[in-house]
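There are 2 protein chains.
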Amino acid sequence: MTVIKEKYKELANKKRLERDSKWNLDWITSDEKLPAKEIKDVINYIDSNKLLNELELEITNSTAIEITQNIKNQKWTSLQVTLAFCHRASIAHQLCNNLTEIFFDEAIQTAKNLDQYQLDNNGGTIGPFHGLPISLKDNFNIKGQSTTLGMVNFCFNPPKFEQDSVLVSLLRDLGAVLYVKTNVPVAMMMPETTNHIWGTTLNPMNKLLSAGGSSGGEASLIKLKGSPLGIGSDIGGSIRIPSSFQNLYSLKPSFGRFPTFGSRSGLPGLESVNSVNGPISNNLRDLKFYCESILNSEPWNYDPKVVELPWRNVELPKKLNIAVLIDDGHIKPTPPIRRGMDIVISKLKSQGHDIIEWEPINHYRLSTLITEFFTSDGGKHVLKETLKVGEPLFPYMENYGNSKNIQVSKLWKLQDERSILVKQVLDNWLSTSTKTQNGKPIDAIIMPVTPFAGNPIDKFYNYVGYTSPFNLCDFATGTFPVTRVDSSIDLPDAPRQYYNEIDCKISNDYNPEESHGGGVSLQLICRRFQEEKVLEILEVLKKLIDYKD
Amino acid sequence: MTVIKEKYKELANKKRLERDSKWNLDWITSDEKLPAKEIKDVINYIDSNKLLNELELEITNSTAIEITQNIKNQKWTSLQVTLAFCHRASIAHQLCNNLTEIFFDEAIQTAKNLDQYQLDNNGGTIGPFHGLPISLKDNFNIKGQSTTLGMVNFCFNPPKFEQDSVLVSLLRDLGAVLYVKTNVPVAMMMPETTNHIWGTTLNPMNKLLSAGGSSGGEASLIKLKGSPLGIGSDIGGSIRIPSSFQNLYSLKPSFGRFPTFGSRSGLPGLESVNSVNGPISNNLRDLKFYCESILNSEPWNYDPKVVELPWRNVELPKKLNIAVLIDDGHIKPTPPIRRGMDIVISKLKSQGHDIIEWEPINHYRLSTLITEFFTSDGGKHVLKETLKVGEPLFPYMENYGNSKNIQVSKLWKLQDERSILVKQVLDNWLSTSTKTQNGKPIDAIIMPVTPFAGNPIDKFYNYVGYTSPFNLCDFATGTFPVTRVDSSIDLPDAPRQYYNEIDCKISNDYNPEESHGGGVSLQLICRRFQEEKVLEILEVLKKLIDYKD
Numbered sequence: 002m003t004v005i006k007e008k009y010k011e012l013a014n015k016k017r018l019e020r021d022s023k024w025n026l027d028w029i030t031s032d033e034k035l036p037a038k039e040i041k042d043v044i045n046y047i048d049s050n051k052l053l054n055e056l057e058l059e060i061t062n063s064t065a066i067e068i069t070q071n072i073k074n075q076k077w078t079s080l081q082v083t084l085a086f087c088h089r090a091s092i093a094h095q096l097c098n099n100l101t102e103i104f105f106d107e108a109i110q111t112a113k114n115l116d117q118y119q120l121d122n123n124g125g126t127i128g129p130f131h132g133l134p135i136s137l138k139d140n141f142n143i144k145g146q147s148t149t150l151g152m153v154n155f156c157f158n159p160p161k162f163e164q165d166s167v168l169v170s171l172l173r174d175l176g177a178v179l180y181v182k183t184n185v186p187v188a189m190m191m192p193e194t195t196n197h198i199w200g201t202t203l204n205p206m207n208k209l210l211s212a213g214g215s216s217g218g219e220a221s222l223i224k225l226k227g228s229p230l231g232i233g234s235d236i237g238g239s240i241r242i243p244s245s246f247q248n249l250y251s252l253k254p255s256f257g258r259f260p261t262f263g264s265r266s267g268l269p270g271l272e273s274v275n276s277v278n279g280p281i282s283n284n285l286r287d288l289k290f291y292c293e294s295i296l297n298s299e300p301w302n303y304d305p306k307v308v309e310l311p312w313r314n315v316e317l318p319k320k321l322n323i324a325v326l327i328d329d330g331h332i333k334p335t336p337p338i339r340r341g342m343d344i345v346i347s348k349l350k351s352q353g354h355d356i357i358e359w360e361p362i363n364h365y366r367l368s369t370l371i372t373e374f375f376t377s378d379g380g381k382h383v384l385k386e387t388l389k390v391g392e393p394l395f396p397y398m399e400n401y402g403n404s405k406n407i408q409v410s411k412l413w414k415l416q417d418e419r420s421i422l423v424k425q426v427l428d429n430w431l432s433t434s435t436k437t438q439n440g441k442p443i444d445a446i447i448m449p450v451t452p453f454a455g456n457p458i459d460k461f462y463n464y465v466g467y468t469s470p471f472n473l474c475d476f477a478t479g480t481f482p483v484t485r486v487d488s489s490i491d492l493p494d495a496p497r498q499y500y501n502e503i504d505c506k507i508s509n510d511y512n513p514e515e516s517h518g519g520g521v522s523l524q525l526i527c528r529r530f531q532e533e534k535v536l537e538i539l540e541v542l543k544k545l546i547d548y549k550d
Numbered sequence: 002m003t004v005i006k007e008k009y010k011e012l013a014n015k016k017r018l019e020r021d022s023k024w025n026l027d028w029i030t031s032d033e034k035l036p037a038k039e040i041k042d043v044i045n046y047i048d049s050n051k052l053l054n055e056l057e058l059e060i061t062n063s064t065a066i067e068i069t070q071n072i073k074n075q076k077w078t079s080l081q082v083t084l085a086f087c088h089r090a091s092i093a094h095q096l097c098n099n100l101t102e103i104f105f106d107e108a109i110q111t112a113k114n115l116d117q118y119q120l121d122n123n124g125g126t127i128g129p130f131h132g133l134p135i136s137l138k139d140n141f142n143i144k145g146q147s148t149t150l151g152m153v154n155f156c157f158n159p160p161k162f163e164q165d166s167v168l169v170s171l172l173r174d175l176g177a178v179l180y181v182k183t184n185v186p187v188a189m190m191m192p193e194t195t196n197h198i199w200g201t202t203l204n205p206m207n208k209l210l211s212a213g214g215s216s217g218g219e220a221s222l223i224k225l226k227g228s229p230l231g232i233g234s235d236i237g238g239s240i241r242i243p244s245s246f247q248n249l250y251s252l253k254p255s256f257g258r259f260p261t262f263g264s265r266s267g268l269p270g271l272e273s274v275n276s277v278n279g280p281i282s283n284n285l286r287d288l289k290f291y292c293e294s295i296l297n298s299e300p301w302n303y304d305p306k307v308v309e310l311p312w313r314n315v316e317l318p319k320k321l322n323i324a325v326l327i328d329d330g331h332i333k334p335t336p337p338i339r340r341g342m343d344i345v346i347s348k349l350k351s352q353g354h355d356i357i358e359w360e361p362i363n364h365y366r367l368s369t370l371i372t373e374f375f376t377s378d379g380g381k382h383v384l385k386e387t388l389k390v391g392e393p394l395f396p397y398m399e400n401y402g403n404s405k406n407i408q409v410s411k412l413w414k415l416q417d418e419r420s421i422l423v424k425q426v427l428d429n430w431l432s433t434s435t436k437t438q439n440g441k442p443i444d445a446i447i448m449p450v451t452p453f454a455g456n457p458i459d460k461f462y463n464y465v466g467y468t469s470p471f472n473l474c475d476f477a478t479g480t481f482p483v484t485r486v487d488s489s490i491d492l493p494d495a496p497r498q499y500y501n502e503i504d505c506k507i508s509n510d511y512n513p514e515e516s517h518g519g520g521v522s523l524q525l526i527c528r529r530f531q532e533e534k535v536l537e538i539l540e541v542l543k544k545l546i547d548y549k550d
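For the protein sequence lines, the chains are A and B, in the order given. Residues 2 to 550 (the numbering used here) make up the first sequence, in order. Residues 2 to 550 (the numbering used here) make up the second sequence, in order.
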């Protein structure tokens with residue numbers, strides 16, 4: 002037993018050393034220039050302390066749209082841009098431990114090739130992402146890199162992938178420069194980003210709060226502007242939770258809108274609910290830029306599961322019909338999140354938008370059902386891989402250790418139940434037409450992403466009931482920042498009747514001082530395949546809220 | 002045991018009596034006017050023998066488009082149209098045993114209501130199908146009717162459904178008149194239409210040949226013009242096989258294009274491959290009329306699994322790139338089907354279309370994999386329902402009796418394999434660009450639907466390898482008639498090297514005299530969600546082939 006225990010530590014150690022041998026020492030900031038331990042908020046640390054030169058600061062503070070335009074008009078070379086982000090990502094990692102695979106040399110070579118292409122083609126670019134560094138969540142396979150998913154047995158198994166995930170191929174075809182992959186929880190199945198290989202990723206808004214998961218590495222890196230645009234994945238909240246904890250814009254699309262083939266999955270072959278991937282950014286317009294570029298490149302030629310549905314321009318009604326949900330009746334959100342909801346509701350009302358209450362239907366059962374799907378193989382795949390090297394399961398994943406590998410007849414019953422529940426949610430959505438002033442159904446729902454403005458580390462309590470129902474419904478969903486926790490305003494609730502034990506714990510755990518500075522973001526939910534509408538309504542919200550870090 | 006055996010016969014008998022009490026005796030043709038036993042081809046029997054009056058003959062020989070136009074311009078009332086089809090369907094059933102539930106009284110009431118609506122609204126109609134009788138395969142639930150799926154235990158279980166399937170609701174909203182449901186094989190999982198309740202449906206082109214399955218009742222009824230337009234369903238070939246055996250036009254769409262929610266399934270909860278429904282008709286333009294009407298009525302508001310993809314007009318290139326497959330290397334089609342392929346290929350070539358060979362990839366494994374999915378619950382659902390009443394399994398369904406209710410971990414492996422195989426098919430499709438003259442990939446594939454021009458009853462040998470791979474690929478597929486078997490031309494093959502035992506049996510079973518008059522139809526395969534393209538290319542083929550019964 003001891004031997005096996007050693008094995009997982011040994012493998013993890015070897016993998017870390019291998020990664021660490023690749024740092025460019027010129028880009029590493031010396032310890033004395035790093036923030037003191039007591040500094041919790043590091044989002045402006047790199048800029049304030051001028052850890053990069055002026056050009057690097059200018060480049061890394063630009064949006065993806067600005068970067069591609071400045072390369073196109075030859076203000077910057079692809080190489081300059083790539084070097085700047087490699088440098089900044091290295092420091093971001095020093096601050097918050099968000100990277101897994103790094104491949105700066107390949108990135109530099111790609112950037113040089115792109116510059117040469119531009120020289121050879123009178124300034125012409127190979128695609129909309131020409132020269133744009135894009136960071137990727139660890140689950141994307143990249144030729145020549147490994148994909149560990151935070152599972153020790155995957156450190157060298159295989160040591161390198163031979164093929165890119167299809168989204169990765171597409172990004173390359175459109176001119177992107179790939180340079181880093183980012184940290185995830187074990188098998189990507191926890192709401193916080195930690196594992197036995199890379200450790201815990203920290204939240205740059207408040208290093209004592211969780212970065213969230215599973216796309217926590219992405220969100221942490223992007224918040225520090227170590228990446229202008231990154232791609233996360235979401236099967237129960239994994240794009241939305243970390244994006245909300247880091248106050249970022251993000252899009253969780255419907256399955257079949259963006260290519261997913263050829264990524265490494267924590268639960269390969271699971272189809273009762275499908276993982277999707279989508280963009281995360283500090284800049285809302287970059288999400289649209291990304292989506293429009295991908296969808297207009299006929300991604301259905303890359304992945305047979307993608308629907309032939311190009312980018313569609315959407316015209317919004319002047320007055321939106323929005324349903325809001327502040328409390329799902331199972332876990333009451335903590336005070337800052339409720340304040341965030343209040344801010345958004347009053348701003349929307351002030352503009353004459355029609356706000357009604359969302360009366361949730363089936364949310365809780367959908368959130369338990371999705372867990373049954375995740376573990377319907379009895380956690381067999383995850384257990385097999387972790388046991389092989391003696392890797393212990395984190396408490397968040399205990400249900401992987403005590404679930405049953407059910408028979409297909411039982412799975413069919415669960416899937417049938419899900420189809421009925423989802424149909425009822427659709428009917429519920431359409432029935433809002435009886436409650437709105439113009440007699441039309443709602444355009445969207447706005448609600449919390451989690452009960453937290455960044456939870457204290459280890460205290461998420463695994464409740465993803467605000468996000469996971471919309472994975473089963475496959476609705477297009479985005480996140481948007483509203484404000485930050487202010488310890489002087491967001492006071493704890495008085496004791497109340499609690500819905501259940503976890504509700505009580507979360508309420509009691511809430512500590513304004515501890516949460517100060519945490520991200521207060523919400524999610525916007527539109528119907529299936531309405532990604533364009535999500536992004537348009539986010540623009541409306543952004544203008545109203547005018548959030549700045 | 003004997004008691005149980007009796008039970009299934011008793012229940013089936015009771016159900017048949019109940020149905021038979023609903024016939025309108027005025028619409029029943031007396032025995033002496035029915036065709037003599039030796040008459041095999043009955044497709045023109047009703048018209049030649051004037052079993053209907055002139056108006057009824059005129060109405061029932063009209064297309065769905067003509068019918069709706071003539072109701073709209075008040076040449077005919079909805080009632081006249083409904084009465085004509087109720088009458089003709091009754092005779093069609095006498096000829097070929099194709100109906101299950103009949104509800105003429107409700108249909109007549111609906112038609113009267115529609116006429117009243119038109120009177121009250123200055124001739125206005127309630128939707129594109131105003132007054133159009135549409136027949137439905139038995140699996141669609143209809144309020145007030147039962148859904149037996151050819152399974153005795155479903156005869157009175159429930160005796161009546163309380164709710165329409167969502168497609169049924171939509172059809173009603175668009176003005177359709179529903180009047181009959183049509184026969185299917187047990188659980189819809191056999192390629193021939195027979196069961197212990199309703200018996201065997203016959204093929205009007207040649208009553209000694211199989212009508213095919215599982216939408217055999219639909220195809221048989223439509224061929225006899227007992228319905229202008231019917232809806233079948235397809236999970237492995239169930240629209241295409243009977244449509245091809247009856248020389249009809251049909252469309253098997255991709256999953257998510259048309260609503261499927263709320264139908265009764267033979268394998269409820271199965272999602273590794275999804276059943277779809279689509280139209281069958283004597284008239285190609287009626288398919289387009291149907292699809293355009295449904296897709297423009299926002300069916301995604303009826304079923305959350307429908308994609309927000311309205312009808313799209315398609316412009317075809319002047320010269321099509323078509324891949325053809327005559328023989329899949331596992332079962333060689335019988336001589337009339339190969340002649341059908343030759344006819345189509347030479348006509349296409351004569352018009353300058355670019356014809357290349359389809360080099361099939363993964364077809365055979367996909368066809369075995371789909372069977373593994375069908376029986377992945379160990380046939381448990383089907384067995385449970387049949388055993389309850391002592392109903393024996395037909396030989397075609399033996400694998401439902403000897404399959405294993407596998408664990409989800411194994412299912413995930415199979416699903417993962419399927420995703421990879423389907424991706425390879427897509428890549429194979431796109432790689433045809435290296436073989437075409439214009440360097441573009443193929444627009445479509447043309448190939449047989451089955452090896453048969455209607456198989457001798459009981460001799461299909463359960464090989465659906467020409468159709469089922471395209472269910473797993475989820476490609477949009479149509480069928481079109483080419484010719485009929487001519488015993489003087491379609492001579493048996495000389496003995497040859499056979500691929501396997503079934504290939505040998507099928508070759509030896511083929512008897513030109515026996516197959517004479519059988520339908521020679523083929524399928525046209527476009528990519529996923531390319532239903533519009535399928536219908537456009539079918540128009541091109543129809544003009545070239547100019548098939549008439």
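Keep in mind that a hint or two might mislead.
Copies of one chain are not kept apart here, so a pair can be met inside one copy or by any two copies together.
As the list claims (entries may be wrong) - Derived DSS-like pairs (lysine-lysine); straight-line CA-CA distance at most 25 Å:
{"no.": "1", "residue 1": "Lys348", "residue 2": "Lys34"}
{"no.": "2", "residue 1": "Lys161", "residue 2": "Lys23"}
{"no.": "3", "residue 1": "Lys113", "residue 2": "Lys8"}
{"no.": "4", "residue 1": "Lys424", "residue 2": "Lys161"}
{"no.": "5", "residue 1": "Lys73", "residue 2": "Lys543"}
{"no.": "6", "residue 1": "Lys319", "residue 2": "Lys144"}
The hints are simulated quantities; they were obtained by calculation from the structure and are not laboratory data.
Each hint tested on the structure:
Taking the shortest alpha-carbon separations for Lys348 and Lys34, neither the intra-copy value of 42 Å nor the inter-copy value of 78 Å comes in at or below 25 Å. For the identical chains of this complex, Lys161 and Lys23 are intra-copy neighbours only, at 15 Å inside a copy versus 70 Å across copies, given an alpha-carbon limit of 25 Å. Neither within a single protomer nor between protomers do Lys113 and Lys8 lie at most 25 Å apart by alpha-carbon distance, with minima of 41 Å and 79 Å respectively. Taking the shortest alpha-carbon separations for Lys424 and Lys161, only the inter-copy value of 22 Å comes in at or below 25 Å, while the best intra-copy value is 43 Å.
For the homomeric pair Lys73 and Lys543, neither the shortest alpha-carbon distance inside one copy (28 Å) nor that between copies (50 Å) is at most 25 Å. Within a single copy, Lys319 and Lys144 get their C-alpha atoms no closer than 47 Å, and across copies no closer than 41 Å, so neither meets the 25 Å cut-off.
This entry does not satisfy hints 1, 3, 5 and 6, going by the numbered hints stated previously.
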